[in-house]
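Given chain A, put chain B in place with the hints provided.
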Amino acid sequence: MIKKYKTDIIVIMILLIVAILITIIISICKKDGRYASISIDGQVVGVYSLEDDADLSFDTGHHVIISDSMISVTDSDCRDKICMNKGKISSIGDTIVCLPEKFIIEIIEK
Amino acid sequence: METSRKKTKNMVILSLFVAISLILSYLEVLFPFSFGYGLKLGLANVAIISVLYVFSFKEALVVNLVRIFISGLLFGNVFSLIFSLFGGILSVIVMAFAKRCKTLSLITVSVLGAVSHNFGQLLAALIITKISGILFYMPVLLIGGIITGIAIGCVSGVIIKVLKEILKR
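Listed in order, the protein sequences are those of chains A and B. Residue numbers for the first sequence follow this note's numbering, beginning at 1 and rising by one. Residue numbers for the second sequence follow this note's numbering, beginning at 1 and rising by one.
Okay, chain A solo, but in the shape it has when bound (with noise of 0.2 angstroms):
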């Protein structure tokens, strides 16, 4: 019966490598970033120091804080709140992601 399935847990195994290469090299090149660009709606609302702590809310609902250099949203009017089950980010790169508002959250090095 295995035989039946070959061509299907070669293609499975390909996208599993594929899924863990792409992982392996994004832990790689992850660098801590010292900067947190936040736009609404495409417009950069303000870019936050991560070394600072702080404690911001939007005019979206969405309450974000800064703590131990990484950044996250602890709440929001959303639906789905994928913006909260994120949880907290730091690398340059990464990114929270509200889509109804566009509310977005990047790192970055400045």
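Keep in mind the hints are simulated off the structure, nothing from the lab. Bear in mind the structure is a predicted one, so any value in this text is a computation, not a measurement. Cβ atoms here follow ideal geometry from the backbone N, Cα and C, with glycine treated the same way. Hints are supplied without guarantee of correctness; some may be wrong.
With a Cα cut of at most 20 angstroms, we get these calculated SDA-like pairs of lysine to any residue [what the hints assert, rightly or not]:
1) A:K102 - B:L122
2) A:K6 - B:G157
3) B:K130 - A:I38
4) B:K161 - A:Y5
5) A:K102 - B:A124
6) A:K30 - B:M138
7) A:K86 - B:I143
8) A:K30 - A:K6
9) A:K86 - B:L122
10) A:K102 - B:I131
11) B:K102 - A:I82
12) A:K31 - B:K102
13) B:K130 - A:K6
Partial pick of chain B residues on the chain A-facing surface, computed with a CB cut under 8 angstroms [what the hints assert, rightly or not]:
14) T108
15) V111
16) V115
17) T129
18) I146
The following residues of chain A were derived to be distant from chain B, with all beta-carbon distances above 10 angstroms [what the hints assert, rightly or not]:
19) I20
20) R34
21) Y35
22) Q43
23) G46
24) E51
25) D53
26) L56
27) S57
28) F58
29) T60
30) G61
31) S72
32) D77
33) K88
34) S90
Below, chain B alone, put in the same frame as chain A:
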């Protein structure tokens, strides 16, 4: 040549599939399937894959498009519509190609459909937000796609067998 009676019959059946896929996409809200990152079970794809196997690529694409528009216009916003469109269209096209390779089983077709659906949405997100950091999400989408693809594929397999008998196709 298809008689008009057959055409009407097919149209009714396909409309039912659209309705079923809408109900399925509503139902999956009841399953808290959350590894974060907005991953969904994609239950509606059981209907889409079923149409793909019981009918053909054309019907599957149309059913999916109609479902996406109705669902997007009724329950979503412009963004969700665009994401679903990118994901849904890419997914059906990839699955149709995969299905043509007779060596690939239903489960693999479903996995490829799930993965390409996620990639389609990633592409949409990239275009809309123009932030390259979005690509960080790729591994999660790949693995999530594999898992949901296998699950949906298993369910679809059972359904398709029954449907082929009932619809005599």
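Comparing the hints with the structure gives:
1. A:K102 - B:L122: The given pair, whose Cα atoms are some 15 angstroms apart, holds under the 20 angstroms limit.
2. A:K6 - B:G157: 18 angstroms, holds
3. B:K130 - A:I38: 14 angstroms, holds
4. B:K161 - A:Y5: 19 angstroms, holds
5. A:K102 - B:A124: At roughly 13 angstroms apart (the allowed maximum being 20 angstroms), B:A124 and A:K102 satisfy the hint.
6. A:K30 - B:M138: Holds. A:K30 to B:M138 sits at ~15 angstroms (cutoff 20 angstroms).
7. A:K86 - B:I143: 17 angstroms, holds
8. A:K30 - A:K6: Violated, at roughly 36 angstroms.
9. A:K86 - B:L122: 16 angstroms, holds
10. A:K102 - B:I131: Given that 20 angstroms is the threshold and the Cα spacing comes to 12 angstroms, the pair holds.
11. B:K102 - A:I82: Not satisfied, since the Cα-Cα distance of roughly 38 angstroms exceeds 20 angstroms.
12. A:K31 - B:K102: 45 angstroms, violated
13. B:K130 - A:K6: Outside the cut-off at roughly 39 angstroms; violated.
14. T108: 4 angstroms, holds
15. V111: 6 angstroms, holds
16. V115: B:V115 check passes; min Cβ-Cβ to chain A is 6 angstroms, inside 8 angstroms.
17. T129: Result: holds, 6 angstroms to nearest chain A Cβ.
18. I146: 6 angstroms, holds
19. I20: It is violated; A:I20 is separated from chain B by about 8 angstroms at its closest Cβ, not greater than 10 angstroms.
20. R34: 15 angstroms, holds
21. Y35: 14 angstroms, holds
22. Q43: 13 angstroms, holds
23. G46: 16 angstroms, holds
24. E51: 20 angstroms, holds
25. D53: 23 angstroms, holds
26. L56: The claim holds: A:L56 sits with its nearest Cβ about 20 angstroms from chain B, beyond 10 angstroms.
27. S57: 22 angstroms, holds
28. F58: At about 17 angstroms from chain B, A:F58 clears the 10 angstroms cut-off, so the statement holds.
29. T60: Its Cβ never comes within 10 angstroms of chain B, the nearest being 14 angstroms, so this holds.
30. G61: 16 angstroms, holds
31. S72: Non-interface label on A:S72 holds, nearest chain B Cβ at 12 angstroms vs cutoff 10 angstroms.
32. D77: Holds, since 14 angstroms exceeds 10 angstroms.
33. K88: The claim holds: A:K88 sits with its nearest Cβ about 12 angstroms from chain B, beyond 10 angstroms.
34. S90: 13 angstroms, holds
Of the hints listed earlier, those the structure fails to meet are numbers 8, 11, 12, 13 and 19, in rising order.
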